[in-house]
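We have chain S already, so just place chain V with the ligands on it with the hints.
Residue numbers (our numbering), protein chains in the order written: chain S, 1 to 645; chain V, 646 to 733.
Calculated from the structure, these hints are not laboratory results.
Honestly, I wouldn't trust all of these hints.
Derived CB-CB ranges, DEER-like [as the list claims (entries may be wrong)]:
#1 V:I660 to S:V497: 45 to 55 Å
#2 V:I660 to S:I630: 49 to 59 Å
#3 V:I660 to S:L195: 35 to 45 Å
#4 S:G178 to V:I660: 42 to 52 Å
#5 S:E216 to V:P649: 45 to 55 Å
From the three backbone atoms N, C-alpha and C, an ideal C-beta is built for every residue, glycine too.
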Amino acid sequence: MNQERITIALAGNANVGKSVIFNHLTGMHQHIGNWPGKTIEKAEGTLQFKNYTIDVVDLPGIYSLSTFSIEELISRKYIAVENPDLVINVVDASVLERNLFFTLQLIELAPPMVIALNQMDMAAKKGIEIDHKKLEEILGVPVVPTVAPKHIGIYELLQATVDIIEKGNGTPSRVEYGEEIEEKIQKLSKLVAKLQLPYPARWIAIKLLEGDEQLERRVRQLDPEILSTVEKLSQDIQRIHGHSCSTVITSARYETAGCIARDVQKIVSPMTPPFRDRLHAFTTHRVLGYLTMAAIVLSIFFGIFTFGDFLSGFLGDFLYGFKPSFEIVFGGVIGELIWGGIVEGLIAGITIALPYLLPFYLVLYLLEDSGYLSRIAFLMDNVMHKIGLHGKAFIPMMLGFGCNVPACLGCRIMETEREKLLATFVVTLVPCAATTVIILGLVGAFVGFEWALLLYVIDLVIIFFLGRIAFKVLPGEPTGLIMEMHDYRFPHGRTVVKQTWFRVKEFIKMAFPLIIAGSFVIKLADILDLLKPITDTLSPITVVWLGLPAITGITLIFGVLRKELTLIMLATLLGTSNFSSVLDPVQMIVFTLVAMLYIPCISTISTLVKEQGWKRALFITVFEIVFAIIVGGIANRILLIANIW
Amino acid sequence: MELPLTHLKDSESGIIISINPSPRHRHHGHHNRGRFRKRLEDMGLTPGTKLTVVNSAPFHGPIELHVRGSRLAIGRGMAERIQVRVNR
Ligand SMILES: Nc1nc2c(ncn2[C@@H]2O[C@H](COP(=O)(O)OP(=O)(O)OP(=O)(O)O)[C@@H](O)[C@H]2O)c(=O)[nH]1
Ligand SMILES: [Mg+2]
Chain S
1 MNQERITIAL AGNANVGKSV IFNHLTGMHQ HIGNWPGKTI EKAEGTLQFK
51 NYTIDVVDLP GIYSLSTFSI EELISRKYIA VENPDLVINV VDASVLERNL
101 FFTLQLIELA PPMVIALNQM DMAAKKGIEI DHKKLEEILG VPVVPTVAPK
151 HIGIYELLQA TVDIIEKGNG TPSRVEYGEE IEEKIQKLSK LVAKLQLPYP
201 ARWIAIKLLE GDEQLERRVR QLDPEILSTV EKLSQDIQRI HGHSCSTVIT
251 SARYETAGCI ARDVQKIVSP MTPPFRDRLH AFTTHRVLGY LTMAAIVLSI
301 FFGIFTFGDF LSGFLGDFLY GFKPSFEIVF GGVIGELIWG GIVEGLIAGI
351 TIALPYLLPF YLVLYLLEDS GYLSRIAFLM DNVMHKIGLH GKAFIPMMLG
401 FGCNVPACLG CRIMETEREK LLATFVVTLV PCAATTVIIL GLVGAFVGFE
451 WALLLYVIDL VIIFFLGRIA FKVLPGEPTG LIMEMHDYRF PHGRTVVKQT
501 WFRVKEFIKM AFPLIIAGSF VIKLADILDL LKPITDTLSP ITVVWLGLPA
551 ITGITLIFGV LRKELTLIML ATLLGTSNFS SVLDPVQMIV FTLVAMLYIP
601 CISTISTLVK EQGWKRALFI TVFEIVFAII VGGIANRILL IANIW
Chain V
646 MELPLTHLKD SESGIIISIN PSPRHRHHGH HNRGRFRKRL EDMGLTPGTK
696 LTVVNSAPFH GPIELHVRGS RLAIGRGMAE RIQVRVNR
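With the rest of the complex left out, here is chain S (with noise of 0.2 Å):
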């Protein structure tokens, strides 16, 4: 059997479920969640269909085909100039009307293609009946109803997108723009087809009639005059209709898609409120909303840390039970050398890390795909412009709490250069799982929740202070909040504990092999006795003016590699979890707002490096590491006057 390969492409509104359909299709891991930009970069998998190898690419979700937003260049590049053999362009069915005005705009580009209408039971929750074949006839284009979690629809889709590659699409309905304006679009249309650009002259007519800046640059260089007629032609439709062309077009796309979402959905809306509209009504709320934020907040952060302490308290007390009787097999040096610089590692590792970062990412997540991030950006976009951003930038920083890797590539969800910048600075500030492991680890456990809670109070502040600063370093005016704010969903839980896992995964690949690897060179070096002229060196800064003990020197630069190793490896040096023995309260403190504050782990460097070139990460990475010092020193000489213990 001959195989053939092909290429589709995903395409449509944000959070529509693209990516649960490529996750299913491809057995990959796209991030999953219940808020508006996730994907943020194409994407590709494979997978075997009949006599098919397809290769899928995830592209990230748009509201329309015009290039004002990166997302929008991104996936318009790629279906209009890649060239898939085929689009499937996956419908919300509960927000019918919005998403056909894509499908629209998809049809006047032409490529093959076919519809999911996906989300079929979001729809029939909210009373809506939707008559896919009905639609199907309108549009012209096959339409395959998908409960992408569920997994229900997806082999009928690729066997649509099989016949459709075997037969082609036909001629799909398209939209109607009245009288005047059709001809108009007829004459550019002709115009444009002498170009020989490879996309369909009709998309090509209307697009530059919208004013595309992006194809007025190609066909300027090919033919000014034609621009000057569109102009022309532009300026007749403002004068019959007394808007803008582009606002004309809009409309009359709108509206088409209305009739046909009026057309093929009966709306039976429910007596009373639902559930979910009730639970918006009262997280958005103008006080009970911020009553409820905090207490989520609060109730996540005492949560985990009462299982963490506990667990970890657990795991250590039987793993270290293991050390008399290892001894008594391996003796001597080389005993001390695999036990201190193995075995203890790994213990550190499970015992110190494990049992708060599970619980963290499974709640994140649960929060993630419950929809309610999009409601504290909403909450937060008062505060957000103090320091020249807006709402949606606190969706990044509420993904910092589990990592700054893809909080940094997040903020790409930013409308403008400065507001990346911004928004990736105030990032990396952000204490990520790791500093949770070292804040409710140490502080936490050894000091007091309270004192746990403290610290990430004083980084919020810092953070907000710090942003206000560069805001007024790099001014402008911010951009204003557009955002669709999703229907609440109980969480996937399929979805959930699969993007946990795969998170724990990665950590226990990534950070296992350092911390052995680390704990190893470490114990050999304090054999040999290497380890004083480093921690002499440091001394300056760690023993005088932190006031921490000499060691923790070595253990803060170990933390570079991941923050985590800052406390695993201070384990490992001294023998013991239990650091209430080598540190007092002032310096676990000290130590731990260190930590949080003094530079993002390599791997946010290197992102940050990809996302905004190597002069701004340095300058970030530099200025976070003298800050969190000076920080440290000050905060230490306030407990110390403050005398508390």
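Only chain V with the ligands this time, still in chain S's reference frame:
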């Protein structure tokens, strides 16, 4: 009666008349004004569209709208520039 969107009360509905260019963006020239309007229009806020204000966040926060069967959050600064017609 014609008003900026920000003057609507919660659960009041109106029809969009026009979207005014941003006064503060004026010095960026024609280009940026067009962008701002296009973004709103692509999200479905075209002239003639019916919208309902659902809720607004305190301290000059954003406004939540129901439009075309979906729920949008629009920053206060942008909402100020959307002119709507209401029956009062
Ligand atoms: N109930 C229900 N939820 C769904 C369905 N399809 C997707 N979801 C959920 O919708 C949310 C968004 O799914 P994603 O696949 O991340 O959406 P996307 O289109 O890739 O979004 P962006 O990358 O942000 O553009 C997730 O919370 C999914 O669990 C569906 O058919 N039914
Ligand atoms: Mg996605």
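Hint by hint, here is what the structure shows:
1. In this structure, V:I660 and S:V497 meet the distance hint of 45 to 55 Å, their C-beta atoms being roughly 47 Å apart.
2. Hint check: V:I660 to S:I630, Cβ distance near 56 Å, so the stated range 49 to 59 Å holds.
3. Under the hint 35 to 45 Å, the C-beta atoms of V:I660 and S:L195, about 40 Å apart, fit the expected range.
4. Between S:G178 and V:I660 the beta carbon distance is about 20 Å. The supplied range of 42 to 52 Å is therefore violated.
5. In this structure the hint that S:E216 and V:P649 lie 45 to 55 Å apart at CB is violated, the actual value being about 32 Å.
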